[in-house]
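Enquirer: Respectively, the protein sequence lines represent chains A and B. For the first sequence, my numbering puts the final residue at 274, and the numbers step up evenly by one. For the second sequence, my numbering puts the final residue at 330, and the numbers step up evenly by one.
Just so you know, these hints were derived from the structure itself, not from any lab. Keep in mind that this is a model prediction, so the values were computed, not measured. Accuracy of the hints is not assured; some may be wrong.
Interface residues of chain B toward chain A, partial, derived using beta-carbon atoms under 7 Å [what the hints assert, rightly or not]:
# : residue
1 : 128
2 : 163
3 : 259
The calculated DSS-like cross-link candidates involving lysine-lysine, where the alpha carbons are at most 27 Å apart (straight line), are [claimed, not checked]:
#  : chain 1 : residue 1 : chain 2 : residue 2
4  : B       : 88        : B       : 259
5  : B       : 259       : A       : 102
6  : A       : 94        : B       : 259
7  : B       : 88        : B       : 267
8  : A       : 97        : B       : 88
9  : A       : 102       : B       : 267
10 : A       : 102       : B       : 88
Every residue gets a Cβ at the ideal spot worked out from N, C-alpha and C, and that includes glycine.
Residues per chain are reported as follows:
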Amino acid sequence: MTTTFDTRTEIETPENVILTFDLAGPGSRMGAYLSDLAIRLAVGWGLLFALSFLMPAFGAGFSLGFILIGLFLIEWGYAAFFEGLWKGQTPGKKMFKLRVIKDAGYPISFYDAALRNLLRAADILPFGYGAGLLCMVCTPRLQRIGDLVAGTIVIHDDEHRFRRNLGEFANLDPILPTECERRFHVSERTLDVIEQLLWRRDELPRRRVEEIAGILAVPLADHLGFQLEDDHGVSRDILFLRRVLRTFSTIESGKSNKSEKSKSKIGNNSGEAA
Amino acid sequence: MNRDQFISSRQADWRRFETLIGMTETQRDSKLAGEEISELSALYRAICFDLSLVQSRDWGTSMSRYLNGLVARGHNSLYRSQPGSVRKVWEFLMHEFPSLLRENHWYFWLAFVLSVVPGVVCGVVVAHDPSQAGRILPENTQSMMEMMYSAEREERETGMESAMAGFYVRNNVGIAFKCFALGAFAGIGTMSVLVFNSIYIGTITGFLVGRGHSGNFFEFVIGHGSFELTAIVVSGCAGLMIGHAIVHPGQRTITENLKIRGLDAVKIALGAGFMLVVAAFIEGFWSPSSAPREVKIVVGACLWVIVILYLTMGGRTLNRKRLTFNREAN
């Protein structure tokens, strides 16, 4: 696979497998930063508020000292602490599904977290993370100065689900080779695209699904030499795509597997449910 | 084997792997049984193979991304670093930090020169002619300084020791970390922080000496000065390491070089932070205390000896062992 999209990066693991990561850009990172800032400000205000309870109990000197150290920890320690503890995520990054990893793909250590976060003092210059932003724009892996020095990257850490539910096609009529004038073959990759579209039917607007189905179905029918009905019924293209899946995904390969397959949804949640 | 046979034969393993990896992500390692761990690593290797198979056969992006996610999670779990512990913090402060500093002593001496020379020059000039202090210090700072050190000790406010210690932690450690971070601008940021800091401190010292307050002043600063002044030089040392790694990467690329030097540098900067926390408490509690001047001078001298011994002797016995360990880790 080649890098075709500039917000992706590829990392080769020690097992000689190439992993692909989606790099996080300034937008989502700023969102995470602002969330963290809100949390830090809230804790800071909480500390100041606590002053009114601490003062009578422990005296002004101790209370002020306690709060000043608290503020110091929020300013300098917050991000390093969470990134070190939660494998590269602060609460804000968790919210935005971001994660800091080493540029070799493995998780960051506490020292990596400390390094990239101490260097915020350089990134923040001359104001509003100007230097950091400039650095991100100039580096292929969207790293700010702290990332460059610590050798870290920030990635989108979404779960990719993989769902199969071929059982729902079982009652469709397969396309027969006699219906097609050209080569009776559809590539696995095309089948995958159809599968993805059909499983996202509920997430996408209906008109959009039909539009995409049309874009897929017409050239595919042409490729097979299959005669689509002339009337542009609403579900003509979708029906055709479902029949293609029914025909070319080899669900006949094991009838006993079918019932199991129809139930199985491979995704993050199913693992815990099992 | 076609795509569907592949999926139906492999999906049980994928789900099992998800379950196990979910356990490592939410629980401590110790809760995973030995067989489960070996099962996990076997499954991980199998899934790595699955991923490369899917990639090479072009079996669609949904499966490839799903398996990519699984391998990434496994990679994250299997290659993570050891969790920290109190013993490790102790070992870091007592052995690793001073040894690292000695390994990089040339940066320390450069930072030392940058911190001492401008200050001494300013100090000597201003001590001879305190009116020159106006070039650096505004009038109200001058009068505030004079008030602070001409006043008798008894008049100093008591009960605010903790507050002052807290203030020094926040202020001084912040300055040290900034001094370190600015090393990323080719070391220039660090150098300027060191030089300006040196000029400022040198001028204040010269000014107070010139006005005849040297007794009160040195009595106050000798104690915490040991940790504080040294720590600023140490943080400068760490910043210069970063700067040098960027400006002169030698045979390696800049990123390669930072990978090796960056971690050492941040460890030294964290050590400087630790020293400043110690200094803050000395400055908050001991330095303004009403102990007699002679006691303070003696204690201050002892603290200087402690700092020098700490940085020159700390971790010496473990040095050889640690070095070999570091090489292996790299």
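Enquirer: All hints, please: hold or fail.
Expert: Right, here's what the structure says about each hint:
1. 128: violated, 37 Å
2. 163: holds, 4 Å
3. 259: Holds - the Cβ of residue 259 (chain B) comes within 7 Å of chain A, reaching about 5 Å at its closest.
4. B:88 <-> B:259: Measuring from Cα to Cα gives roughly 22 Å; hence the hint holds.
5. B:259 <-> A:102: At roughly 10 Å apart (the allowed maximum being 27 Å), residue 102 (chain A) and residue 259 (chain B) satisfy the hint.
6. A:94 <-> B:259: holds, 26 Å
7. B:88 <-> B:267: Measuring from Cα to Cα gives roughly 13 Å; hence the hint holds.
8. A:97 <-> B:88: Distance ~31 Å between residue 97 (chain A) and residue 88 (chain B) Cα, so the pair is violated.
9. A:102 <-> B:267: holds, 17 Å
10. A:102 <-> B:88: Answer holds: residue 102 (chain A) to residue 88 (chain B) is near 22 Å, not above 27 Å.
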